[in-house]
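Undergrad: Quick note on the numbering used here: the sequence shown kicks off at 5 and runs consecutively.
Hints may be right or wrong, so weigh each one.
[To be verified] For lysine-lysine, the following DSS-like pairs were computed, each having C-alpha atoms within a straight-line distance of at most 25 Å:
no., residue 1, residue 2
1, K288, K272
2, K65, K203
3, K272, K65
[What the hints assert, rightly or not] Cβ pair distances, simulated, as ranges:
no., residue 1, residue 2, range
4, A105, T186, 46 to 54 Å
5, G179, M350, 34 to 42 Å
6, P294, P333, 43 to 51 Å
7, M350, A253, 23 to 31 Å
8, P294, T332, 45 to 53 Å
9, A123, V205, 21 to 29 Å
10, A105, M350, 24 to 32 Å
11, P282, E323, 40 to 48 Å
12, F127, H276, 28 to 36 Å
13, K298, R85, 44 to 52 Å
14, E237, A123, 37 to 45 Å
15, F258, N64, 43 to 51 Å
Quick caveat, the hints were computed from the structure, so don't treat them as lab data. Treat the numbers as computed from the prediction; the structure is a model and nothing was measured. Quick reminder that beta carbons are idealized off the backbone N, C-alpha and C, glycines included.
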Amino acid sequence: MAQAPKSAAKAKSPARAAKATAARKPTTGRSRNASRTEASSGRPVYLVDGARTPFLRARNKPGPFTPVDLAVQCGRPLFARQPFSPDEFDTVILGCVNVIADEMNPARVAALRLGMGAAMTAFTVQINCGSGMQSIDTAFRIIEAGKADLILAGGAEALSHAPLVLRQQAVEWFGGFASAKTPWEKATALAGLRPEMTKPVIGLERGLTDPITELNMGQTAEVIGHLFGITREAADAYALQSHQSLARAQNNGFLEGEVNPAVTRDGKLYDHDDGVRPDTSMDKLAKLDPVFEKPYGNVTAGNSSQITDGACWTVLASEEAMRRHKLTPLARIIDSGWSALDPSIMG
């Protein structure tokens, strides 16, 4: 994440950050990837198949699935409908931001649990909210360059499993206590322990806060609202449309074949996105207070993205893999590009 200009770095409110950013006339950033056309010398790359789990709302405690659990639950039905065995993939790429301690490199752990074989290489990518897209882009580049023919790429996240973290004071105290040798040194260390030192830091809260501007994602959303003149009514109307559209898609079966159900060890079934509120209305949304910029902000619990657990996979293939396995493409990936923005506007 690029360092922000001092005016943005000192911003303590979304409104102030918006004014500072507007004064600099922000652009959308310059893509680091040169644009190409159909005449590209790289090999064609195709999107063959894909699936996802239901998106499950975090409920103030660890959810029933870890990132790898979700990746495995998503992958098994996807593999079952392929005309080739899982070990015929060349590699696995998984985007994951909130990697938990006992699933380091979740791509590799998921590959092993999916029965892809000990020889299957797998690696995890992290670019915050774009991690899943980064995995697909990386797979695209590898196949295009002729280094692979068949790649499993996707993303998995279980934000409900974000850890509680010790404060720095507590970390230093535990280190000092562990170093104490004599009873007197240990007693002295114990005397220095203060109750407030043991209050945990919410890891997700820190993770969603930019270290340069010290604005969290909700505050950067307020900045964007200021910059582009997005009113509270417009934000609420968009949220209402989103809930209604998902409810219609669920009721009409539009998501069948895309959403793979997830099942816990004790047999509880999760087969649909559980964050949709089909009974919400503009009146209900209007009654919610702003969360990040009080009292006049526009971002509320009703028009914000929820904290979610979920996973998805895509199958990317070269023309050679398409012929070999008689695959039917959903789409061809032509190109991609990445840009960066000032972090005060979610860059």
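Undergrad: Quick check: does the Cβ-Cβ distance between G179 and M350 fall within 34 to 42 Å?
TA: Given about 36 Å between the Cβ atoms, the range holds.
Undergrad: Starting from the range 37 to 45 Å, see whether the pair E237 and A123 falls in it by beta-carbon distance.
TA: 56 Å Cβ-Cβ, so the 37 to 45 Å window is violated.
Undergrad: Return holds or violated for the Cβ distance of P294 and P333 against the range 43 to 51 Å.
TA: holds (45 Å)
Undergrad: Is it true that A105 and T186 lie within 46 to 54 Å of each other by Cβ?
TA: violated (33 Å)
Undergrad: Starting from K288, check that the Cα of K272 is at most 25 Å away, please.
TA: Violated. K288 to K272 sits at ~31 Å, over the 25 Å cutoff.
Undergrad: When you check the alpha-carbon spacing of K272 and K65, does it fall within 25 Å?
TA: holds (17 Å)
Undergrad: Could you tell me whether the CB distance from P282 to E323 stays inside 40 to 48 Å?
TA: Once the Cβ atoms are compared, 43 Å apart, the range 40 to 48 Å for E323 and P282 holds.
Undergrad: Okay, M350 versus A253 on CB: inside 23 to 31 Å?
TA: holds (27 Å)
Undergrad: Verify the CB-CB distance for K298 and R85 against the hinted window 44 to 52 Å.
TA: At roughly 50 Å between Cβ atoms, R85 and K298 fall inside 44 to 52 Å, so the hint holds.
Undergrad: Cβ-Cβ distance between F258 and N64: within 43 to 51 Å?
TA: Violated - the Cβ-Cβ distance for F258 and N64, about 31 Å, lies outside 43 to 51 Å.
Undergrad: With respect to the beta-carbon atoms only, verify the hint that F127 and H276 lie 28 to 36 Å apart.
TA: holds (31 Å)
Undergrad: K65 and K203 were given as a pair; does the straight-line alpha-carbon distance stay at or below 25 Å?
TA: Within the cut-off at roughly 17 Å; holds.
Consistency with the previously given hints fails for numbers 1, 4, 9, 14, 15, ordered from lowest to highest.
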